[in-house]
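When you get a sec, could you build the whole thing from the sequences and use the hints?
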Amino acid sequence: MFHTDRRLWIAVALTLLLAVAVGCAAPAGAPPAPEQEEAPAAAAEEAMPAAEEAEEVTLTVWSWRTEDEDAYNEIFDVYEAANPHVTVEFVAFVATDYNNILATGLTGEGGPDVAQLRAYGGLQPLVEAGQLVPLDGKVQTLDNFTPDILKGAMGVSDGRIYGVPFGIQALGAYYNKGIFDELGLSAPTTWDEFMDVLETLQEAGYIPLAVPAKDTWMLPIVHDAVGAPRYGGPEFEQKVLAGETDFTDPDYVASIQLIQELQPYMPENVVGVSYQDARTLFLTERAAIFIGGSFEVGFWRNEGPELELDAFQVPPPPNSVIDHSLTPGWMDGSYGVNANSDAIEEAIKLVEWMGTPEFGQLFTEKIKQMSAVPGTEPTDPLLAKFAQFYAETPTPYLLLVDFRYGDPSGTTLLGNGIQKMLLGEMTPAEVAASLQEGISQWFKPGGQ
Amino acid sequence: MTRPSPSGPGRVGLTSVAVYGLLCGYALVVLGPLLLVVSNALRPTREIFKNPVGLPTSPSLDSFVKAWQEASFNVYFFNSLMITVASVFLATAVASLAGYMLGRYRFPGSHLLSAYFLAGLMLPFRLAIVPLFLLLNDMGLIDNRMGLILVYAATGIPFSIFILSTFFRQLPRELSEAARIDGAGELTIFARVMLPLVRPALATVVVFQFVPLWNDFFFPLVLLRSTGKWTLPVGMTRFFGEFQADWSTLFAGLIITTLPLILLFLLATRQIIAGLTAGINK
Amino acid sequence: MAAVPGDRTPSRRTAPPPSKRARGVGSGAPPWPLIALFLLPAFLLYTVFMIWPLFQSLYFSFFEFKGLARGDFVGLRNFQELLTRYPVNEQLPRAFLHNVYFFVGTMAIQNTMGLLFARLLHGSRRGKRFFQTVYILPYLISALVVGYLWSLMLNPLFGPVNQVLKAIGLEELALPWLGDPRTALPAIILVNAWQWMGFPMLLFSAGLANITDDLREAAQIDGATHWKLFRHIELPLLLPVIGIVTVLTFIGNFNAFGIVWAMGGVNGEPAGATDVLGLVFYRTAFRGGIDAFGLASALAVLMFVFIFGVSMFMLGRFRRWEENLT
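Chains as they are written, first to last, in our numbering: chain A, 16 to 463; chain B, 452 to 733; chain C, 107 to 432.
Hints in this document: simulated from the structure, not taken from any laboratory.
Everything numeric in this text was worked out from a predicted model, so none of it was measured.
Incorrect hints may appear among the rest.
[As the list claims (entries may be wrong)] DMTMM-like cross-link-like pairs, simulated, lysine to aspartate or glutamate; straight-line CA separation at most 25 Å:
#1 C:Lys272 - A:Glu300
#2 B:Lys517 - A:Glu318
#3 A:Lys459 - C:Asp178
#4 A:Lys381 - B:Glu693
#5 A:Lys254 - A:Glu407
#6 B:Lys680 - A:Glu197
#7 B:Lys680 - A:Asp357
#8 C:Lys234 - C:Glu340
#9 B:Lys501 - A:Asp173
#10 B:Lys680 - A:Glu104
#11 B:Lys517 - A:Glu84
#12 B:Lys501 - A:Glu318
#13 B:Lys501 - A:Asp395
#14 C:Lys172 - A:Asp112
#15 A:Lys166 - B:Glu693
#16 A:Lys381 - A:Asp173
#17 B:Lys501 - A:Glu323
#18 C:Lys172 - A:Asp173
#19 C:Lys334 - C:Glu323
#20 B:Lys680 - A:Asp112
#21 B:Lys517 - A:Asp173
#22 B:Lys501 - B:Asp513
#23 B:Lys501 - A:Glu197
[Unchecked claim] Not everything, but these chain B residues come out facing chain C in the computed CB check (under 10 Å):
#24 Asn502
#25 Pro503
#26 Ala549
#27 Pro623
#28 Arg650
#29 Pro663
#30 Asp667
#31 Leu715
#32 Leu717
[As the list claims (entries may be wrong)] Here are the computed distance ranges between Cβ atoms for each label pair:
#33 C:Thr190 - B:Thr508: 49 to 59 Å
#34 B:Leu646 - C:Gly229: 25 to 35 Å
#35 A:Thr371 - C:Val270: 41 to 51 Å
#36 C:Gly229 - B:Pro647: 21 to 31 Å
#37 B:Thr508 - C:Tyr207: 38 to 48 Å
#38 B:Gly679 - A:Trp457: 35 to 45 Å
#39 A:Pro396 - B:Asn525: 38 to 48 Å
#40 C:Pro139 - B:Glu625: 24 to 34 Å
The C-beta atom is built at its ideal place from N, Cα and C for all residues, glycine as well.
Okay, here's the thing in structure tokens:
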């Protein structure tokens, strides 16, 4: 102990001196410098030049999916087998702090070569800071994707593509087939049938809809899954982006009101029910329907493998602008290349592979989410159902796809508004007005 | 119903029963929820999702094994211990020197310095993560445990100086004057006379610096890159998924990481009591 | 009280009345090199690794940001933006008010309990370390887990708290604690107190340990009751510690983040009823748009100015009370 302390003291004294010297020399608040000359010994082994094809290279991939670590390692084993000179090291970080970790990681030493990137608005800070390599023109497999999907990986200011999309999410309603069979119910195809189903479930003592209203991020999801046909889905998107209408449109207000009308079928004190509570209600078969995203499939399969589950699209409500069901969806994120990487060429080859059907199929099979690569088929029947819904009647999850480019974001505003509505503090019209007021501070129609 | 206290009549006995009743009652309030941690660590996560509050149907130590292995606790434990002990030691050492000077003497600028040393507590330090990252990057201290130790030690300084200077200020002045008459220098007075007298405060300062550093995962995540240098709480973040957490393993990991803290605390309370008797006998 | 500042007492053995004891600050400051020797290590370490990065971020509040890339100097525009952008402009005053409640509630509950338990344990011989250790246990666990734990305890669907309340016939008290805007903040204040009570308790214990027993014995010989002993001897001597605890509670509460985030989420659910400045800061900095960095820095500047001002004022007040007593 004594020796450790003394060594420590000497080291501390030296470092302090160094600190003062360097601290004074460094320019105040200098923006991240792209060039790094004094690489410490620890990083030297990773800093090997990767220009020559055959040279051994280790690519570090960063992600916010700690739960997928094993799956990704298996997926990258396939790439390593085909490219023996490459070692892929997958590192996952806690999702809530990932943005911070990535922003600093792309700035300095020891960052990733390839990074999982947020979609749409969440991508822009990294693009604006020039921390990513534009991939269009360099990655051939980008041509596989539709423009709608690529939009989620595009820099707004320059229109370039910064990532290879990995996943798609879609919204819909899960239901417990066991309970439905027991009560002689089947998946509703009209709004009236939907109401009958909810009534029957309630009378039988089940919570019809497991909706969490304590976690506001789930509320715009529920709203869009239920209300998209009512306000007009893609048609409304075009009009609102062009400035021909805004969120105070009576059809949009009516779509918010639907949530209020469904409140009697939600758990008691719904604002006290958290996301996890709602999932538990559904898992334990106290609730029969869970409205949510396709990202839940893995959770249901892992935690409730004995449950008999199926999914349906919420039928179009009365007076809907679009007379059939819609399945809102979005591009979930992409993998991009660090502009600071020492192995940009190899990193580009890796993300190029991530745009191939081979990767897409591995992704959907091992991670139990929909791949963004066209032509991949989910093997899980539940997931396949979501994929089918989205393929047949897609609509953008409007507030996420188009209204997260500024602060405050559309999803935040609507989530907070609907929560207040469920507490009786706001009317649907006031919720819509608050959404419009919030986004109009940064959103200018006709632009983009 | 109880033995009368030797120091007084029956009334005192009654109050001390009430006092013990209160103490035990609150101890239950503290321990109750903590038992939930233990209980859930003994149940698989699947069971926790289905029945969040419940007793283990078939208690198992699987989660402890998983936490130990998957979070590489054997590696991270050493890192955590080294980094936390060094940081707390460094911060407490420099803070007791500075706290002594600021607590005992007034000199031009002493008030200003006290305020300066306190100011660091009033800002969300996470705000500074980017400049801090760039600073360490320039110094070659990213992915370096020493870099993290220096940052951690710096964050402990405001709190420690604030508390220690107050306690130094309270010590009777004749003690140092007596020593000075005996020919002792300032450093000797500090080390041999004054420092032992603030032992209770020192122990408190150590505990309250130690715990947040021991539990922190944010700074290691940003400042350390090699997984071999990570600390216990960083290992624990592996069990926080995007949409779900592996609660059973988390709870087990929590119990493993908290045990050393309890040991530390038992040592610290001994210091607090020892400080008390020192006060009487000096 | 009629004490002369700098009055000398001959020896602690003779146990003078507390009001006349000379404490603290010496007049004859040591020579500068000695002062520097004591102060410099802490000063350097603290300045380089804490103040310098913090100062830089505060300085950034005057610049436009795009992600982490710094743009032009924009003067006070970030501040203006922060105070006018909807809905932050409405969230800030509400969050501020919640921080005030948080502070008042914590002082009244957590710190009073801390003092009470410190005093009770100071007198007791048996079980002292046991109780101290038990009471500090919640502090040893990270706020994230404490928040999760109590969210379970208070859960309206599965929580044992409501089950117990129903079992003992207090049906109407079985509320959705964290789901009702009226009860959510008080519930979080209580949970926070549950976690942190050990902190004031330990500081008060250390303070009580600093009071020599001769003082108490002298007072007891004079026939003082327990209460009088506490009120007239111990409490005045604890004033410096009360000052520390108050100021640290103030600073801590106005920076509160972890426990509120764990129990009320990033938006301070339900419906912003538990929103505090720490959450507004977090949302601005890490969930905001492209200009988040400048705005968050501006918010940090405002919070700093307020917290620093009030803390200095409090410290001054306590220092004066203390001096009046000696």
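Now for the hints, and whether the structure bears them out:
1. The straight-line distance between the Cα atoms of lysine 272 (chain C) and glutamate 300 (chain A) is roughly 24 Å, inside the 25 Å bound, and the hint therefore holds.
2. A hinted pair counts as satisfied when its Cα atoms are at most 25 Å apart, and lysine 517 (chain B) with glutamate 318 (chain A) qualifies at roughly 18 Å.
3. Under the criterion of a C-alpha separation no larger than 25 Å, the hint pairing lysine 459 (chain A) with aspartate 178 (chain C) is consistent with the structure, at around 23 Å.
4. Distance hint between lysine 381 (chain A) and glutamate 693 (chain B) is fulfilled; the C-alpha atoms sit about 16 Å from each other, no more than 25 Å.
5. Taken as a hint, the lysine 254 (chain A) and glutamate 407 (chain A) pair is honoured in the structure, with Cα atoms around 22 Å apart against an allowance of 25 Å.
6. Only pairs whose Cα atoms come within 25 Å are accepted, and lysine 680 (chain B) paired with glutamate 197 (chain A) is rejected, the gap being roughly 55 Å.
7. Taking the CA atoms of lysine 680 (chain B) and aspartate 357 (chain A), the gap is about 22 Å. The hint holds against a cut of 25 Å.
8. Among the hinted pairs, lysine 234 (chain C) with glutamate 340 (chain C) is consistent with the structure: their alpha-carbon atoms are about 19 Å apart, no more than 25 Å.
9. A C-alpha spacing of about 48 Å is found between lysine 501 (chain B) and aspartate 173 (chain A), which places the hinted pair above 25 Å, so the restraint is violated.
10. Between lysine 680 (chain B) and glutamate 104 (chain A), the direct Cα distance comes to roughly 16 Å. Compliance with the 25 Å bound is thereby established for this hinted pair.
11. Annotation: proposed proximity of lysine 517 (chain B) to glutamate 84 (chain A) holds, straight-line Cα distance about 15 Å (limit 25 Å).
12. Restraint check: the Cα-Cα separation between lysine 501 (chain B) and glutamate 318 (chain A) comes to about 9 Å, which is no more than 25 Å; the hinted pair holds.
13. For the given pair, lysine 501 (chain B) sits about 23 Å from aspartate 395 (chain A) by alpha-carbon distance, which is consistent with the 25 Å threshold.
14. Under the criterion of a C-alpha separation no larger than 25 Å, the hint pairing lysine 172 (chain C) with aspartate 112 (chain A) is consistent with the structure, at around 19 Å.
15. Distance hint between lysine 166 (chain A) and glutamate 693 (chain B) is fulfilled; the C-alpha atoms sit about 23 Å from each other, no more than 25 Å.
16. In summary, the hint linking lysine 381 (chain A) to aspartate 173 (chain A) is not supported, as the alpha carbons are separated by about 35 Å, beyond the 25 Å threshold.
17. For the proposed pair lysine 501 (chain B) and glutamate 323 (chain A), the alpha carbon gap of about 16 Å is at most 25 Å, so the pair holds.
18. Restraint check for lysine 172 (chain C) and aspartate 173 (chain A): satisfied, since their Cα atoms lie roughly 14 Å apart, inside the 25 Å limit.
19. Restraint check for lysine 334 (chain C) and glutamate 323 (chain C): the C-alpha separation of about 13 Å stays at or below 25 Å, so the hint holds.
20. Taking the CA atoms of lysine 680 (chain B) and aspartate 112 (chain A), the gap is about 19 Å. The hint holds against a cut of 25 Å.
21. Simply put, lysine 517 (chain B) and aspartate 173 (chain A) have alpha-carbon atoms about 47 Å apart, too far for the 25 Å limit, and the pair is violated.
22. Taking the CA atoms of lysine 501 (chain B) and aspartate 513 (chain B), the gap is near 18 Å; set against the 25 Å cutoff, the hint holds.
23. Restraint check: the Cα-Cα separation between lysine 501 (chain B) and glutamate 197 (chain A) comes to about 21 Å, which is no more than 25 Å; the hinted pair holds.
24. The restraint placing asparagine 502 (chain B) at the interface with chain C holds, with a minimum CB-CB distance near 7 Å, inside the 10 Å limit.
25. Annotation: proline 503 (chain B) was flagged as interfacial toward chain C, and the flag holds, the nearest CB pair being 5 Å apart, inside 10 Å.
26. Evaluation of the alanine 549 (chain B) hint against chain C yields a held restraint, the C-beta minimum of about 4 Å falling below 10 Å.
27. About 6 Å separates the beta-carbon of proline 623 (chain B) from the nearest beta-carbon of chain C, less than 10 Å, and the hint is met.
28. The interface hint given for arginine 650 (chain B) holds, since its Cβ lies 9 Å from the closest Cβ of chain C, which is under the 10 Å cut-off.
29. The restraint placing proline 663 (chain B) at the interface with chain C holds, with a minimum CB-CB distance near 8 Å, inside the 10 Å limit.
30. Nearest Cβ of chain C to the Cβ of aspartate 667 (chain B): about 8 Å, under the 10 Å cut. The hint holds.
31. Annotation: interface hint on leucine 715 (chain B) holds; nearest CB of chain C at approximately 9 Å, less than 10 Å.
32. Checking leucine 717 (chain B) against chain C by beta carbon gives a least distance of about 6 Å; that is within 10 Å, so the hint holds.
33. Range check, threonine 190 (chain C) to threonine 508 (chain B): Cβ separation about 57 Å, and the 49 to 59 Å hint holds.
34. In this structure the hint that leucine 646 (chain B) and glycine 229 (chain C) lie 25 to 35 Å apart at CB holds, the actual value being about 27 Å.
35. The beta-carbon spacing between threonine 371 (chain A) and valine 270 (chain C), approximately 58 Å, falls outside the hinted interval of 41 to 51 Å.
36. As the Cβ distance of glycine 229 (chain C) to proline 647 (chain B) is approximately 24 Å, the hint placing it in 21 to 31 Å holds.
37. A hinted range of 38 to 48 Å for the beta carbons of threonine 508 (chain B) and tyrosine 207 (chain C) is consistent with their spacing of about 42 Å.
38. Remark: the range hint 35 to 45 Å for glycine 679 (chain B) to tryptophan 457 (chain A) is upheld by a beta-carbon distance near 44 Å.
39. Checked against the given bound of 38 to 48 Å, the beta carbons of proline 396 (chain A) and asparagine 525 (chain B), roughly 42 Å apart, stay inside it.
40. The given range of 24 to 34 Å is respected by proline 139 (chain C) and glutamate 625 (chain B), whose C-beta atoms sit roughly 26 Å from each other.
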